[in-house]
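Novice: Sequence:
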Amino acid sequence: MTTLPAASAEALATSQALSRHIRQTIQAAGGWIPFSHYMEMALYAPGLGYYAAGSHKLGEAGDFVTAPELTPLFGRALARQLAELLPQTAGMVYEFGAGTGQLAIDLLRELAALGRLPQKYVIIDLSPDLIERQQHNIRAALPGYFDRVEWASQLPRELDGVVIGNEVLDAMPCEMVFRDEQRQLRQRGVAARGDGFSHEDRDFVDARLAGLAAELVPDIPRYETEISLANRAFIATLAGALKRGAILMIDYGHAAREYYHPERAMGTLLGHYRHHTVQDPFYLPGLMDLTCHVDFSAVAQSGIDAGLDLIGYASQAQFLLNCGIVGLLEQLDANDVMRYLPQAKAAQRLLTPQEMGETFKAIGFGKGVDIDWLGFAQGDRCYTL
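So in the numbering used here, the last spot in the sequence shown is 386, and the numbers never skip.
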């Protein structure tokens with residue numbers, strides 16, 4: 002931890018205030034809370050959590066970089082898929098967790114070029130400071146289309162259009178479970194220890210979680226992993242609200258057989274702080290992003306159980322290739338090295354298996370729309386789920 006960049010005095014004060022709030026919550030709960038409750042407060046506690054306070058999160062000055070921040074080619078390729086789907090719906094786009102607004106900018110610009118501008122582009126976000134940045138950035142980049150963009154803090158009652166989420170599922174609070182030396186499964190929670198926090202394992206307080214853990218966790222000693230009830234509930238909620246349209250989620254994760262592989266005994270939970278990976282989830286609460294990989298088998302089953310058509314599941318690289326990202330790159334002038342080279346390097350990062358191309362996946366659901374999507378025309382891996 003000594004190699005990590007120092008936090009400012011103001012940021013430390015915010016983290017300390019959040020830590021006090023979490024300790025009080027733990028004390029009020031009898032000395033222990035599920036890890037999901039800790040993660041929810043660390044990320045979303047009003048005015049204090051990572052996504053609810055005013056720190057920079059994305060980009061070079063933040064903690065991590067997402068695909069839209071790397072290159073507009075990501076959004077331009079994605080727009081090709083949306084252009085197919087929007088005419089089959091009421092023409093609405095709903096984006097969850099829009100970050101700096103860059104994906105919205107790239108999508109709107111490319112959809113306009115394709116003659117497929119949405120009727121409305123609705124951003125659903127819980128971060129006040131990110132919403133402010135989104136509004137500023139979209140207004141500055143696309144003043145002529147700004148009136149098409151709306152913001153909401155909760156899911157609309159009915160959805161008729163295309164729902165998109167890039168790196169949304171990984172930021173939802175997850176539960177942690179642990180199989181101990183005697184191979185007993187227990188729920189991993191959080192207790193207060195001095196000025197900090199520590200893991201503490203207890204018997205399950207949620208029967209559904211206990212059942213999923215018994216089904217998913219390998220029968221080997223000292224195995225730690227995550228199970229996301231929030232991901233399952235989110236997809237089911239979207240399905241219930243979707244009158245007609247499509248859901249497209251892009252995130253890093255695995256099918257269940259790989260996620261809960263016997264060799265993945267330390268789970269996937271990670272912290273992201275100033276472009277460093279942090280193993281300790283209790284480091285500077287509120288100043289560090291917390292994420293866990295997505296179990297796409299669970300996401301797929303949740304959508305199917307809720308009445309959606311599972312359209313496709315593919316690596317991010319395959320999805321973007323199907324959507325024509327190479328052709329978009331070829332449209333750029335390779336002789337203009339200062340402009341072309343950064344875009345080519347960014348595209349390589351999106352597509353290379355050792356970078357984002359294989360770790361990130363795309364999954365699509367539909368209701369009342371064509372099941373043949375451009376993005377899954379080749380390399381569909383639904384059979385692996």
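None of these hints come from the bench; they were simulated from the model.
Since we're looking at a predicted model, the values are computed, not measured.
A virtual CB, placed ideally from N, CA and C, is assigned to each residue, including glycine.
Any given hint could be a false lead.
Stated by the list, open to error - Pairwise CB distance ranges, derived in the manner of DEER restraints:
# : residue 1 : residue 2 : range
1 : THR26     : PRO222    : 28 to 36 Å
2 : ILE221    : GLN280    : 16 to 24 Å
3 : ILE372    : PRO6      : 29 to 37 Å
4 : LEU115    : LYS244    : 40 to 48 Å
5 : ALA114    : PRO219    : 44 to 52 Å
6 : GLU151    : ASP310    : 26 to 34 Å
7 : LYS244    : HIS137    : 28 to 36 Å
Novice: Against each hint, give a clear statement of whether it holds in the structure.
Specialist: Hints, one by one, checked against the model:
no.: 1; hint: THR26 with PRO222: 28 to 36 Å; result: holds, 32 Å
no.: 2; hint: ILE221 with GLN280: 16 to 24 Å; result: holds, 21 Å
no.: 3; hint: ILE372 with PRO6: 29 to 37 Å; result: violated, 48 Å
no.: 4; hint: LEU115 with LYS244: 40 to 48 Å; result: violated, 24 Å
no.: 5; hint: ALA114 with PRO219: 44 to 52 Å; result: holds, 49 Å
no.: 6; hint: GLU151 with ASP310: 26 to 34 Å; result: holds, 27 Å
no.: 7; hint: LYS244 with HIS137: 28 to 36 Å; result: holds, 32 Å
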